[in-house]
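Each chain, letter by letter, is given below.
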Amino acid sequence: GAVVSQHPSRVICKSGTSVKIECRSLDFQATTMFWYRQFPKQSLMLMATSNEGSKATYEQGVEKDKFLINHASLTLSTLTVTSAHPEDSSFYICSARDPGRGNSPLHFGNGTRLTVT
Amino acid sequence: LAKTTQPISMDSYEGQEVNITCSHNNIATNDYITWYQQFPSQGPRFIIQGYKTKVTNEVASLFIPADRKSSTLSLPRVSLSDTAVYYCLVGLNQAGTALIFGKGTTLSVSS
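First to last, the sequence lines map onto chains A and B.
Under the working numbering, the first sequence has 13 at position 13, and the numbering climbs by one with no breaks.
Under the working numbering, the second sequence has 1055 at position 55, and the numbering climbs by one with no breaks.
Isolated chain B, as found in the complex:
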């Protein structure tokens, strides 16, 4: 399973764009990249998933370079409620395949 490396923490202010980069140098050919958000005492919540290039949904964008050895989660115009831990996970999207969590990035948004 591909190991991921993220910054331990990041600080931002309301209204700013936040970019969190994840390194996954040994990603396998069929691995997908998935980002989750976790609030205290809650289960991780799916944010976005991608395989290559750029993916965008209503809450975030995911940028994946051609070599796929890293990915960047972009959160536009963060608010206080975006304060959470963000996890980047890499692995197969098969029913029987678990994902291994790294340490995650604690994002703190201030007013």
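Isolated chain A (complex conformation):
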């Protein structure tokens, strides 16, 4: 089945630094990928839609200059948290569908635990 891979699985960084999270579709090409964020004991919240070859679209309240998204190829989207602060500590999860399979459900990566100290 379709596999979405994220890297790293966890990262700790100091306040003010930037962190890049990678999301790859391993056995299919994804023109669109989605980034979610999940705080402890809460549900997943959609942050942005990553579009290959064009700008990402961000959900209301998500700062595009803080959460930079690059979707430079059909199998890779990256999320960079710039000038990270402790309140950015969260669980970040990407997802994508396989457009080559009819009625493909969303497949999720295993998430990246970001801790900002």
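Since the hints were derived computationally from the structure, they do not count as laboratory data.
Please read these numbers as outputs of a predicted model, since none were measured by experiment.
Cβ coordinates follow ideal geometry from the N, Cα and C atoms, glycine included.
Among the hints, erroneous ones may be present.
To be verified - With a cut-off of at most 27 Å between alpha-carbon atoms, the simulated DSS-like pairs for lysine-lysine come out as follows:
no. : chain 1 : residue 1 : chain 2 : residue 2
1   : B       : K1069     : B       : K1054
2   : B       : K1003     : B       : K1069
3   : B       : K1103     : A       : K41
4   : A       : K55       : A       : K20
5   : A       : K64       : A       : K20
6   : B       : K1069     : B       : K1103
7   : A       : K14       : A       : K66
8   : B       : K1003     : A       : K41
9   : B       : K1103     : A       : K64
10  : B       : K1003     : B       : K1054
11  : B       : K1052     : B       : K1103
12  : A       : K64       : B       : K1003
To be verified - To give an idea of the interface, some chain A residues facing chain B are shown, with a C-beta separation under 10 Å as derived from the structure:
no. : residue
13  : F39
14  : S95
15  : P99
16  : N103
17  : P105
18  : H107
19  : G109
20  : V116
Following the hints, put chain B in place on chain A, whose structure we already have.
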């Protein structure tokens, strides 16, 4: 996007059948219903998907009534490892369409 409502939590014992019902009163004609399972510090894992009537796979069954305003995930003979959060999502299965998560149901299975 159709909003979903599920029970916040459910408790069960090993070996029992568990049914989790999700309400989605404003589901659109072309929307699919998809259920995911999530363990702590992991991404959601696809369980089952359906459009109408009944769907069954090796881990679960999904029952959808004719009006499609609700759906029921049935987990046969649960084990301790089925303790997780279960999400019901409703939406289009198009490459460019995201899904919006509700609060999910926390299932606790005891021995």
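Results for each hint:
no.	hint	verdict
1	K1069(B) x K1054(B)	14 Å, holds
2	K1003(B) x K1069(B)	11 Å, holds
3	K1103(B) x K41(A)	10 Å, holds
4	K55(A) x K20(A)	17 Å, holds
5	K64(A) x K20(A)	14 Å, holds
6	K1069(B) x K1103(B)	18 Å, holds
7	K14(A) x K66(A)	16 Å, holds
8	K1003(B) x K41(A)	20 Å, holds
9	K1103(B) x K64(A)	25 Å, holds
10	K1003(B) x K1054(B)	21 Å, holds
11	K1052(B) x K1103(B)	23 Å, holds
12	K64(A) x K1003(B)	26 Å, holds
13	F39	12 Å, violated
14	S95	8 Å, holds
15	P99	4 Å, holds
16	N103	5 Å, holds
17	P105	5 Å, holds
18	H107	7 Å, holds
19	G109	5 Å, holds
20	V116	17 Å, violated
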